[in-house]
Amino acid sequence: MLAQFITNGLISGGAYSLIAIGYTMIYGIGKLINFAHGELYMGGAYCFYLFYIVLGWDIYSSTLLAVIAGGVLGMGLERVAYRPFKGSSRLVPLITTIGASTFLRAAVTLLFDLNTKSLLKNASFQEPFSILGINITPVQGLTIVVSLGLMSLLTVVLKKTRVGKAIRATAEDRASASYVGIDTDRITSITFAIGGLMAAVAGILVGYDQNISPNMGILAGFKGFTAAVLGGIGSIPGAALGGICIGLAENLGAAYISSAYKDSISFAMLVLVLLYKPRGILGEKQ
Amino acid sequence: MSYLLHIIILVGFFSILSVSLNIACGYAGILSLAHAAFYGIGAYAVGLLTAKAGVPFWPAFLLGSIISCLFGLLVAIPTLRLKGDYLLIATLGFGEIFRNSLINWDALTEGPRGITAIPPATLFGFRLATDQSFFLLLFACIVLCVGTSYLLKSSPFGQVLFAIAEDEDGVTALGRNPVRFKVLTMGISAFWAGVAGGLYAVYVGYISPNIFSINESILIFTMVLLGGLRSIRGSILGAFVLIALPEIMRFVGLPNNIAAVVRQMIYGALLVLIMYFRPQGFLGTIRLR
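Chains as they are written, first to last, in this note's numbering: chain A, 1 to 286; chain B, 1 to 289.
Calculated directly from the structure, the hints in this document are not laboratory data.
Virtual Cβ for every residue (Gly too), placed ideally from N, Cα, C.
Be a bit skeptical, because a hint or two may be false.
Once the Cα atoms are required to be at most 25 angstroms apart in a straight line, the calculated DSS-like pairs of lysine-lysine come out as [stated by the list, open to error]:
hint	chain 1	residue 1	chain 2	residue 2
1	A	K86	B	K83
2	A	K86	A	K165
3	A	K165	A	K31
4	A	K31	B	K83
5	A	K159	A	K31
6	B	K83	A	K277
7	A	K31	A	K277
8	A	K262	A	K117
9	A	K262	A	K277
Calculated from the model, a selection of chain A residues having no Cβ within reach of chain B, i.e. all distances over 10 angstroms [said to hold, decoys possible]:
hint	residue
10	T7
11	W57
12	V80
13	R90
14	A123
15	Q126
16	Y179
17	N211
18	P237
Given only the sequences and the hints, what does the whole structure look like? Please build it.
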């Protein structure tokens with residue numbers, strides 16, 4: 001039984017990690033908590049729904065286009081809710097992203113209505129199989145593999161490529177980065193796009209597993225944020241670790257305490273971390 | 001006429017909510033997205049006590065507001081050590097988890113079905129079942145809430161709150177404990193949200209978890225920002241503009257469920273537009289810091 005709960009924790013933890021990465025990178029670059037991040041997750045899932053179910057395209061191009069749409073949505077968000085307010089108080093972009101998230105949720109509700117929708121066309125993706133006594137569906141297995149794979153890929157991109165180095169330089173010191181010729185506005189835009197891509201992947205995977213609704217991004221966004229803070233905001237391995245910790249804590253808590261408190265666990269964890277270890281597990285000292 | 005009165009009553013509920021949120025946000029700089037949760041706690045307390053336990057209106061109403069106040073203190077004690085953006089997201093989490101608990105705690109709250117047949121308010125043995133008589137009770141509560149807000153503003157307590165919003169460390173240096181002040185403020189703010197909730201429950205007679213969602217918190221927050229932080233008249237104006245003006249959509253012939261969603265879009269867009277054009281709000285003087 002314990003092995004099953006740990007597996008479930010890894011599945012939801014993988015998705016939280018992907019959301020947390022966006023929070024952490026955008027915070028690193030823009031010193032902003034992107035309130036609309038959960039809506040990028042929701043938006044990716046709905047784009048997939050539009051392409052795959054409504055328009056009836058095949059699964060590969062639907063997935064690819066929905067993930068790209070998530071990235072474009074992230075860039076649009078940066079244009080509307082972040083860039084015009086760069087010089088103002090930190091609270092201003094916070095409020096504009098709250099506005100953007102309200103707007104996006106309502107827009108999706110208007111287009112698709114409030115009912116939950118299934119992304120399932122092929123039931124075999126949801127057929128559980130068992131390894132070593134653990135039941136897992138192909139989609140759930142894919143969630144773990146894809147989230148670990150994407151996080152490793154992102155780490156390599158940030159370490160080795162030109163863009164990756166520019167992102168790290170901008171996060172470290174924006175002014176100096178622009179002195180050496182880095183276009184920091186473009187880097188910010190790219191960072192929002194990466195956050196959007198990752199969130200869209202998480203949205204599609206979770207949506208496939210648990211169906212989608214316009215409000216799916218609220219709690220997922222909150223938990224992703226908690227994961228980013230728990231791991232240490234600004235740190236990519238921290239986001240991965242934080243997501244998995246939250247996923248495990250939730251599923252073990254639901255199993256051994258009560259499933260009614262599942263969502264409260266992440267709230268308690270956020271408050272405790274912020275109070276007692278505000279830099280998180282892997283956060284850098286200042 | 002009765003339609004107009006209904007709209008005025010709705011503006012009234014939201015005036016209490018925005019004026020009380022302004023006490024937290026505008027006076028002490030506590031940005032909170034949990035206000036709908038305190039509103040919901042007041043409503044559910046009154047709904048459960050009157051419809052299920054058979055408690056008369058007034059004791060239930062007072063108890064509901066006090067319970068809401070206690071929740072405000074309880075949430076405030078851990079979260080108010082956080083600042084600005086972290087506080088905002090922690091209160092958002094609390095609000096959403098509160099709504100989830102309403103849905104999941106079926107045995108107490110009837111889950112998503114909500115609580116029905118809540119009896120109307122009474123006063124000296126009279127049932128305030130008509131909109132006109134209910135409005136008198138609501139109006140008295142608005143006056144009391146606005147009065148409290150003005151009193152706070154001019155009191156030494158309020159002055160300390162203003163100072164906390166400006167410079168928390170400075171207040172600490174002067175020997176006051178900002179967290180204690182902020183916790184009390186949150187209690188007062190939550191108390192009045194509970195009052196609005198209790199009134200709402202007996203006015204409509206039916207409550208369900210979705211009435212107290214995060215969207216409602218954002219709506220109240222938008223009212224306060226639109227009117228201008230710290231301005232009491234501004235908060236009332238914000239409630240009026242955001243409740244009464246969208247009613248026009250009804251006359252354009254939009255069906256109810258679509259109008260509700262379009263409204264939501266307007267609130268969202270407004271938040272961005274306020275920050276573009278007038279970050280201090282209509283009647284506000286202070287800027288966000």
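Here's how the hints hold up against the structure:
1. A:K86 - B:K83: holds, 20 angstroms
2. A:K86 - A:K165: holds, 22 angstroms
3. A:K165 - A:K31: Cα-Cα ~18 angstroms, so holds.
4. A:K31 - B:K83: The given pair, whose Cα atoms are some 14 angstroms apart, holds under the 25 angstroms limit.
5. A:K159 - A:K31: holds, 21 angstroms
6. B:K83 - A:K277: Cα-Cα ~15 angstroms, so holds.
7. A:K31 - A:K277: The given pair, whose Cα atoms are some 19 angstroms apart, holds under the 25 angstroms limit.
8. A:K262 - A:K117: OK: K262 of chain A and K117 of chain A at ~23 angstroms, within 25 angstroms.
9. A:K262 - A:K277: Distance ~22 angstroms between K262 of chain A and K277 of chain A Cα, so the pair holds.
10. T7: Given that every Cβ of chain B is farther than 10 angstroms from that of T7 of chain A, nearest at about 24 angstroms, it holds.
11. W57: Consistent with the label, W57 of chain A stays out of reach of chain B, its closest Cβ about 27 angstroms off (over 10 angstroms).
12. V80: The claim is violated: V80 of chain A sits with its nearest Cβ about 7 angstroms from chain B, within 10 angstroms.
13. R90: For R90 of chain A, whose nearest Cβ neighbour in chain B is about 7 angstroms away, the distance does not exceed 10 angstroms, so it is violated.
14. A123: holds, 28 angstroms
15. Q126: holds, 24 angstroms
16. Y179: At roughly 28 angstroms from the nearest Cβ of chain B, Y179 of chain A sits farther out than 10 angstroms, so the non-interface label holds.
17. N211: Given a closest Cβ separation of 16 angstroms, the condition holds.
18. P237: holds, 22 angstroms
Going through the hint list in order, the structure does not satisfy hints 12 and 13.
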